[in-house]
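Q: Sequence:
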Amino acid sequence: MVEGKKNKRVIILGAGVTGLSAGIRYLDNGCDVFILEKADHAGGLARTVVRGDYRLDIGPHHLFSQNEAILQEMIDLFEKDELISFSRDAKIYFHDRFLDYPLTAKNVIFNMGLKHAFFTSISVVWTSLLKLFTKKKREVNFKDWATVNFGNYLYGIFFKPYTEQFWGVSCEELSLDCIPQTSKMSFAKTLKLIFLKKFEKESLSVAERETSLTLYYPIKGIGAIAEKLKKSFLSKGGKIKLSCDVSELITNKDGSFNIHYQYERETIVDGADLVLSTIPISSLTQILRPLASPEIIQRA
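Count the sequence shown with the working numbering and you get residues 715 to 1014, in order.
Mixed in with the good hints, there may be bad ones.
[Stated by the list, open to error] The calculated lysine-lysine pairs, modelled on DSS-like cross-linking and capped at a C-alpha distance of 25 Å, are: (1) Lys-805 x Lys-820; (2) Lys-820 x Lys-845; (3) Lys-805 x Lys-829; (4) Lys-874 x Lys-752; (5) Lys-722 x Lys-945; (6) Lys-953 x Lys-722; (7) Lys-805 x Lys-752; (8) Lys-794 x Lys-829; (9) Lys-829 x Lys-851; (10) Lys-845 x Lys-805; (11) Lys-722 x Lys-874; (12) Lys-805 x Lys-794; (13) Lys-752 x Lys-934.
It is worth saying that the hints were derived from the structure and are not from the lab.
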């Protein structure tokens, strides 16, 4: 990401976990790094609000990554007594029953009732037989993935209504990229977890690790991650300016950038060799100069 960019001035939009982590990388590679943040605090959505003796996370978070190097790097930010470990136990309410999330074969067989277990099993077997005698279909959208991995029956009674309620779009329109990697289970993969009490960590998929192995959480709330990253970023010479409202991101002919932003009722213009944006794409398209096309703005 930053190889060959030493001594470059880098401006990062957004002081969330991504922006702070990237800023540390740039600093380690000899760059001059400046982060602009619209809010009055760092951390973005991975934030913990403190009210007296109580702490409240903005949304449910925990420490887990399919990249073990990244996970270890996050763990190393903390002392041992600053993290707690636990096994995931997320539930979805379905037909007066609580089911594990992500859904597993064990749930289907033992928790969804005899009728659903029977028809799901028949559907999965039928789908598996079809795959043996037909050309493999490329999975393009959520419906493709769900029907291939769990069968048409379970897709119809569970995945379709739940997913369309959550996302607000049809499963045929929902890209596979919108599905968290930790949710990409299959009936066949999770079936083995019913019978195998011991298994090698290396043999598990990311989704299986998510439902079977250890997750971590900072005792002072998920916002502690951003605070640790912020402390590391500043200690390495990085600079952060909060409560900034960026109005224009101008790309110059020589490939450099100028950024216009408001800070304490003053309009400031700053320059950079590189700009990294971690803000919402919908916000980024509004400040680009030259202007993004109407099509790009609409899609954002």
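Q: A separate judgement is required for each hint: does it hold in the structure or not?
A: Structure-based check of all given hints:
1. Lys-805 x Lys-820: 14 Å, holds
2. Lys-820 x Lys-845: 23 Å, holds
3. Lys-805 x Lys-829: 21 Å, holds
4. Lys-874 x Lys-752: 37 Å, violated
5. Lys-722 x Lys-945: 22 Å, holds
6. Lys-953 x Lys-722: Cα-Cα ~14 Å, so holds.
7. Lys-805 x Lys-752: 35 Å, violated
8. Lys-794 x Lys-829: 47 Å, violated
9. Lys-829 x Lys-851: Cα-Cα ~29 Å, so violated.
10. Lys-845 x Lys-805: 31 Å, violated
11. Lys-722 x Lys-874: The given pair, whose Cα atoms are some 48 Å apart, is violated under the 25 Å limit.
12. Lys-805 x Lys-794: Violated, because 29 Å separates the two Cα atoms, which is more than 25 Å.
13. Lys-752 x Lys-934: Holds - the C-alpha atoms of Lys-934 and Lys-752 are around 24 Å apart, at most 25 Å.
In terms of the numbered hints stated before, the structure departs from hints 4, 7, 8, 9, 10, 11 and 12, listed from lowest to highest.
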